[in-house]
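Student: So you can see what is in the structure, the chains are spelled out below.
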Amino acid sequence: MEKTIHFNLNGKPLRLTSAGERLLLWVLRSDLELTGTKYSCGEGFCGACIVLVNNKAVRSCQYPIKEVDGKEVITIEGLHKNGNLHPLQDAFIQHNALQCGFCTPGMILKAYTLLLNNPQPTYTEIVQAMEWNLCRCGTYNRIIQAIQTAARTMKRGRSR
Amino acid sequence: MREDEYMPIYSDNSISPVTLDRREFLKLFGGGIIIFISIGDSFALQEARRSRRGYPEDFNAYLRIGEDGRVSCFTGKIEMGQGIFTSLAQMLAEELDVPLNTVDMVMGDTALCPWDMGTFGSRSTKYFGPPLRKAAAEAKAVLILLAAEHLQIPPKQLIAKDGVIFDKNNTEKKVSYAQLTKGKTIEKHLKDKPPIKHYSKHTISGKPTDRLDSKQKVTGEAKYAGDIRLPGMLYARLLRPPVHGAKLKSVDISAARKIKDIQIIQDEDLIAVLHQCRDEAEKALGMIRAQFELPEKKVNNKTIFKHLIDSAPSEEIVTKAGDLEKGKNLATNTFEATYLNHYVAHATLENHTAVVKINGNKATVWASTQTPFRAQSEVAQVLGLSSKNVRVITPFVGGGFGGKTRNQQVIEAARLAKLTLKPVQVAWSRKEEFFYDTFRPAAVIKVLSGLNDSGQIVFWDYLNYFAGDRSSQPFYNIPNHRVLSRGGWGGRSEAHPFGVGAWRAPGSNTNVFAIESQIDIMAEAAEMSPLEFRLKNLKNERMKRVLKAAADKFGHSFLKAPSRRGYGIACTDYLGTYLATMAEVKVDEKKGKVKVNRVVCAQDQGEVINPEGTKMQIEGCITMGLGYVLTEEIHFNGGEILDENFDTYKIPRFSWLPKIETVLIDNPEMPPQGCGEPAITPMGGVIANAVYDATGARLFELPMTPGRIKEALKKRKALVSCHA
Numbered sequence: 002m003e004k005t006i007h008f009n010l011n012g013k014p015l016r017l018t019s020a021g022e023r024l025l026l027w028v029l030r031s032d033l034e035l036t037g038t039k040y041s042c043g044e045g046f047c048g049a050c051i052v053l054v055n056n057k058a059v060r061s062c063q064y065p066i067k068e069v070d071g072k073e074v075i076t077i078e079g080l081h082k083n084g085n086l087h088p089l090q091d092a093f094i095q096h097n098a099l100q101c102g103f104c105t106p107g108m109i110l111k112a113y114t115l116l117l118n119n120p121q122p123t124y125t126e127i128v129q130a131m132e133w134n135l136c137r138c139g140t141y142n143r144i145i146q147a148i149q150t151a152a153r154t155m156k157r158g159r160s161r
Numbered sequence: 143m144r145e146d147e148y149m150p151i152y153s154d155n156s157i158s159p160v161t162l163d164r165r166e167f168l169k170l171f172g173g174g175i176i177i178f179i180s181i182g183d184s185f186a187l188q189e190a191r192r193s194r195r196g197y198p199e200d201f202n203a204y205l206r207i208g209e210d211g212r213v214s215c216f217t218g219k220i221e222m223g224q225g226i227f228t229s230l231a232q233m234l235a236e237e238l239d240v241p242l243n244t245v246d247m248v249m250g251d252t253a254l255c256p257w258d259m260g261t262f263g264s265r266s267t268k269y270f271g272p273p274l275r276k277a278a279a280e281a282k283a284v285l286i287l288l289a290a291e292h293l294q295i296p297p298k299q300l301i302a303k304d305g306v307i308f309d310k311n312n313t314e315k316k317v318s319y320a321q322l323t324k325g326k327t328i329e330k331h332l333k334d335k336p337p338i339k340h341y342s343k344h345t346i347s348g349k350p351t352d353r354l355d356s357k358q359k360v361t362g363e364a365k366y367a368g369d370i371r372l373p374g375m376l377y378a379r380l381l382r383p384p385v386h387g388a389k390l391k392s393v394d395i396s397a398a399r400k401i402k403d404i405q406i407i408q409d410e411d412l413i414a415v416l417h418q419c420r421d422e423a424e425k426a427l428g429m430i431r432a433q434f435e436l437p438e439k440k441v442n443n444k445t446i447f448k449h450l451i452d453s454a455p456s457e458e459i460v461t462k463a464g465d466l467e468k469g470k471n472l473a474t475n476t477f478e479a480t481y482l483n484h485y486v487a488h489a490t491l492e493n494h495t496a497v498v499k500i501n502g503n504k505a506t507v508w509a510s511t512q513t514p515f516r517a518q519s520e521v522a523q524v525l526g527l528s529s530k531n532v533r534v535i536t537p538f539v540g541g542g543f544g545g546k547t548r549n550q551q552v553i554e555a556a557r558l559a560k561l562t563l564k565p566v567q568v569a570w571s572r573k574e575e576f577f578y579d580t581f582r583p584a585a586v587i588k589v590l591s592g593l594n595d596s597g598q599i600v601f602w603d604y605l606n607y608f609a610g611d612r613s614s615q616p617f618y619n620i621p622n623h624r625v626l627s628r629g630g631w632g633g634r635s636e637a638h639p640f641g642v643g644a645w646r647a648p649g650s651n652t653n654v655f656a657i658e659s660q661i662d663i664m665a666e667a668a669e670m671s672p673l674e675f676r677l678k679n680l681k682n683e684r685m686k687r688v689l690k691a692a693a694d695k696f697g698h699s700f701l702k703a704p705s706r707r708g709y710g711i712a713c714t715d716y717l718g719t720y721l722a723t724m725a726e727v728k729v730d731e732k733k734g735k736v737k738v739n740r741v742v743c744a745q746d747q748g749e750v751i752n753p754e755g756t757k758m759q760i761e762g763c764i765t766m767g768l769g770y771v772l773t774e775e776i777h778f779n780g781g782e783i784l785d786e787n788f789d790t791y792k793i794p795r796f797s798w799l800p801k802i803e804t805v806l807i808d809n810p811e812m813p814p815q816g817c818g819e820p821a822i823t824p825m826g827g828v829i830a831n832a833v834y835d836a837t838g839a840r841l842f843e844l845p846m847t848p849g850r851i852k853e854a855l856k857k858r859k860a861l862v863s864c865h866a
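Chains A and B, in that order, give the protein sequences. What the first sequence shows, in the numbering used here, is residues 2 to 161, in sequence order. What the second sequence shows, in the numbering used here, is residues 143 to 866, in sequence order.
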């Protein structure tokens, strides 16, 4: 069933007509050409396709487009504002917390929701929150450091 | 990569291949000593491209100085996370004397970069680094000659720094590289090639340097093959057999036809559905009804080892020294063991992807590949074009580990682009990844070794099945030894029910697991700690040095195993890079689960270009290595691959993470060896040895699943009660 869906995408209002069951991942990647959101496992195991819907991390490969109606969607392309990177993005750069970079958008957005709900997470809390985001290159240690650094930066009041 | 210039996403017309040869070139431009021409017209580059063996002599093939002063570095290597986007830029900037942030990497583009066999084997710095450095050194020397002419100052009085050449007696007299070249190729070469800099003069190379590709990767701007969007592009999904070796009997596409705008292709073995939305193509694929004739299921992951031994090719001698019989006579204690390794997947997060666009007799390809030049000839062949009319562009690759050296998905996209007359993207699903992956082969290793009374290894008789020669040569001082191999890690051996191939440090992981486990077994029998036993049986000073450096960092003394503390050691010589790894583990004997708490790795790779990059590679190797050691194993029944995703095929996660510490040995006198793979190779041995130290149970099979650990614990108890 074709359905008209209204939502905010990276801060801008958007209206599109689509079958409601289509998955958010493909609408973002092919229809809207926002390719920062990655396709990897396609079944919600890896987290490479994570985007924010009303500030919750959702796996867009499992998320029907009709569910975003009336909501706020943020993809990795929408995290930096006015040319300023988010403290998490800065911290990932500072710690070289990436190699191939394919899991990075999902990692950063998942960490964003963690810090939103728990601004000063412990090491264990970071591990628990990030557990189902996979990185094959083996950068977990640096991602944890980056999240800790971003948490400190944000505590000092810099949210962007 | 400045993609606007070198990676056009919507157009492939930015570079028109020119086929001037030297004679035509001279006719057009004359034969003066110094001539400048623009890059697309460079015969040197064309020649370089045509010569398919080795790297070109002409430095213009490696670099170009733009009018804006930015320097492009051309390499046929690709960036898949290993970090040469940064370290090759460091090498070029150092030798050319330009600021690092003015270097732009152009990688894996067959129209612009010098031919390259591919990116694998930790070879980029070792083999591409030297010609790149020589090219930059010669370019700089030529620029100084040009500056001498321009400034009317003798070359000896000139100094190059940060892309500017100036008079050392009067720094006001200067000219920049960009002013000299004006963005053109330099057609002057030196007969006597200038030497490259001594490492003691380095200010960029050898210094810890942050990744230069981070910003694109944290903002989502970095492009991978699947991110290429072309007008009219169709996403293809292909019909696949349920098991390897199945033959298509019948197919019914009528239901799939009902999907709006769907295009269906049937061409011999190739059945595909294509749509401008990938999810619609997926839906159509699900509506195809196909029947296959299934082959007999001859082997599974339980029976595979006997099957491999039975079907292995004849043996090859890897190395041999002394007299085995004499060694056996000298031995007072002999040890026989068999080590088993299961099939392991690459499981890169980026799936195999390719986009192919055909325009008349030319084709442009964007591919996730470790071998762009091989893809170029493969596409040329399948499309009936000449290679020079096929341009392969390699965007960032989302992990490779050897799994992207074959280009099946590229060939599929090329065939479909030809049949549909549209640009086509093929991006495999995760299930296809597990089905068509060229796995690290299952392998068997048999070792018979012996000690004399004073704890010296007097003979070593080693035979591997499907692990090849890499890292199989003993670096211990063993007077009588023989290493045999029956089957390598690659190729298309009939013995395996599906594809196998290079997997990060191919063969080595398997060989080192066996060697270093066997060493520990002997250490215990010799009543020595594993560290003392290794030092006693090593003559190689480089290996002793890494072992001592690792032990210093580790901080704990080693005792004869099992000490109940859970400490392990393993050493490797991986193609000239030496390393020693030490680990600390805890074993939950009830659950049969291992938790690795700490790993220390000391590595000597000769000269280090980027110490920070090296650390990242070592950390990545250790983390990834935990997978094949603890959980990763392909389950199969005949040609049917039972693992389809990360729910059953478990790769390392955040909670597995040990504390990782790295030590880089200072050895700049030695030319750079590799660093992308070595540190993954001792992981099997070091964890097996640590588990033994913790529990007294010896694991001979990887991965060490809870079931296998519990079984080994039971055998230990049986052994204990038997002795009692």
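The set of hints was computed from the structure by calculation and includes no laboratory data. All residues carry an ideal CB built from backbone N, CA and C; glycine is no exception. Careful, some of the hints might be misleading.
As the list claims (entries may be wrong) - Here's a subset of chain B near chain A, in silico, CB distances under 8 Å, partners left out:
1. Asp246
2. Leu354
3. Val360
4. Arg371
5. Pro373
6. Cys419
7. Leu491
8. Gly541
9. Pro753
10. Glu754
11. Gly762
12. Phe788
13. Lys856
14. Arg858
Student: Look at each hint and say if it fits the structure.
Tutor: Against the structure, the hints:
Hint on Asp246(B) is violated. Least Cβ distance to chain A is approximately 18 Å, over the 8 Å limit. With a least beta-carbon distance of about 10 Å to chain A, the hint placing Leu354(B) at the interface is violated under the 8 Å criterion. Below 8 Å, beta-carbon pairs count as interface contacts, and Val360(B) has one with chain A at about 4 Å; its hint therefore holds. Using the Cβ-Cβ criterion of 8 Å, the hint placing Arg371(B) at the interface with chain A is satisfied: the shortest such distance is roughly 5 Å.
The beta carbon of Pro373(B) is not positioned within 8 Å of any beta carbon in chain A (closest approach about 12 Å), and the interface hint is therefore violated. Below 8 Å, beta-carbon pairs count as interface contacts, and Cys419(B) has one with chain A at about 5 Å; its hint therefore holds. Because the smallest distance between the Cβ of Leu491(B) and any Cβ of chain A comes to about 4 Å, under 8 Å, the interface hint for this residue holds. Proximity of Gly541(B) to chain A holds as hinted, the smallest CB-CB distance being about 4 Å (cut-off 8 Å).
Residue-level restraint check for Pro753(B) is violated (minimum Cβ-Cβ distance to chain A is 12 Å; threshold 8 Å). A cut of 8 Å between beta carbons decides the hint on Glu754(B): the least distance to chain A is about 6 Å, and the hint holds. A cut of 8 Å between beta carbons decides the hint on Gly762(B): the least distance to chain A is about 4 Å, and the hint holds. The beta carbon of Phe788(B) comes within 4 Å of a beta carbon in chain A, closer than 8 Å, and the hint placing it at the interface holds.
Taking 8 Å as the C-beta contact cut-off toward chain A, the hint placing Lys856(B) at the interface is violated, the least distance being around 31 Å. At a threshold of 8 Å, the smallest CB-CB gap from Arg858(B) to chain A is about 31 Å, leaving the interface hint violated.
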